[in-house]
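A.B. asks: Keeping their order, the protein sequence lines are chains A and B.
Residue 73 in the numbering used here sits at position 73 of the first sequence; the count goes up by one each step and never skips.
Residue 1087 in the numbering used here sits at position 87 of the second sequence; the count goes up by one each step and never skips.
Source of the hints: derived by calculation from the structure; they are not laboratory data.
Some clues are possibly wrong.
To be verified - The following label-pair restraints were derived from C-beta to C-beta distances: (1) Ile1049(B) / Leu39(A): 39 to 47 Å; (2) Phe1047(B) / Pro8(A): 32 to 40 Å; (3) Asp1018(B) / Arg69(A): 39 to 47 Å; (4) Val1115(B) / His10(A): 40 to 48 Å; (5) Ile20(A) / Ser1042(B): 45 to 53 Å; (6) Glu1017(B) / Thr111(A): 25 to 33 Å; (7) Tyr50(A) / Pro1041(B): 28 to 36 Å; (8) Ser1042(B) / Gln17(A): 38 to 46 Å; (9) Ile1049(B) / Thr76(A): 28 to 36 Å; (10) Thr111(A) / Asp1018(B): 42 to 50 Å; (11) Ile1049(B) / Pro2(A): 15 to 23 Å; (12) Phe1054(B) / Gln41(A): 30 to 38 Å; (13) Phe98(A) / Val1115(B): 28 to 36 Å; (14) Asp71(A) / Tyr1064(B): 19 to 27 Å.
Heads up, the beta-carbon is just placed ideally off N, CA and C, and yes, glycines get one too.
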Amino acid sequence: EPEVTQTPSHQVTQMGQEVILRCVPISNHLYFYWYRQILGQKVEFLVSFYNNEISEKSEIFDDQFSVERPDGSNFTLKIRSTKLEDSAMYFCASSVGFEQYFGPGTRLTVT
Amino acid sequence: AQKVTQAQTEISVVEKEDVTLDCVYETRDTTYYLFWYKQPPSGELVFLIRRNSFDEQNEISGRYSWNFQKSTSSFNFTITASQVVDSAVYFCALSGTLTTDSWGKLQFGAGTQVVVTP
Chain A
1 EPEVTQTPSH QVTQMGQEVI LRCVPISNHL YFYWYRQILG QKVEFLVSFY
51 NNEISEKSEI FDDQFSVERP DGSNFTLKIR STKLEDSAMY FCASSVGFEQ
101 YFGPGTRLTV T
Chain B
1001 AQKVTQAQTE ISVVEKEDVT LDCVYETRDT TYYLFWYKQP PSGELVFLIR
1051 RNSFDEQNEI SGRYSWNFQK STSSFNFTIT ASQVVDSAVY FCALSGTLTT
1101 DSWGKLQFGA GTQVVVTP
């Protein structure tokens, strides 16, 4: 069964560094998303992406964040200058309709 | 604004007992979708079910069933004859349909931890 994959599974970075989180959505899906989950808290929407542009973004998704689909398969989330509060699990999701299928997540730890 | 409330933080049951998870939502959208996701200890989010706001028929899928009541804005989820493998955090989520601003933006509740002991 096709699934969303994410790399790396765990990323440790120092405050102020740039990180890129990578996702490979399910191949026939058209809509792509990033969510984050701070430890012990609920899952929060960050951004949605369709037709090579951002469809929607939340208040969390400020200028430090960017997304890109650099080729036909990858979907990336970049955080330009990480802060301690960016530490969280980041989930990529994709959909062709209304059900979003999530990847296993990347745990980002900012020290 | 959309909001999903899961008032139960944790439910503990013994194997084979039924578990019902409560979910109450708020939305201004006239059409919307409701979802349940499961997050096992390994951390991934697993899609379980989706329900359209315009279809209040309740269904059963295997050991899962759900009770959607638009009049009370509730979307409760039941696991029948629970098993240890059902131990996980369960999230209720809401999004609008294609004609709404909230389409695609899943609004999650805080989650309910289900602990099933043998």
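A.B. asks: Check each numbered hint against the structure and report the violated ones by number, ascending.
C.D. replies: 1, 2, 4, 5, 6, 8 and 14
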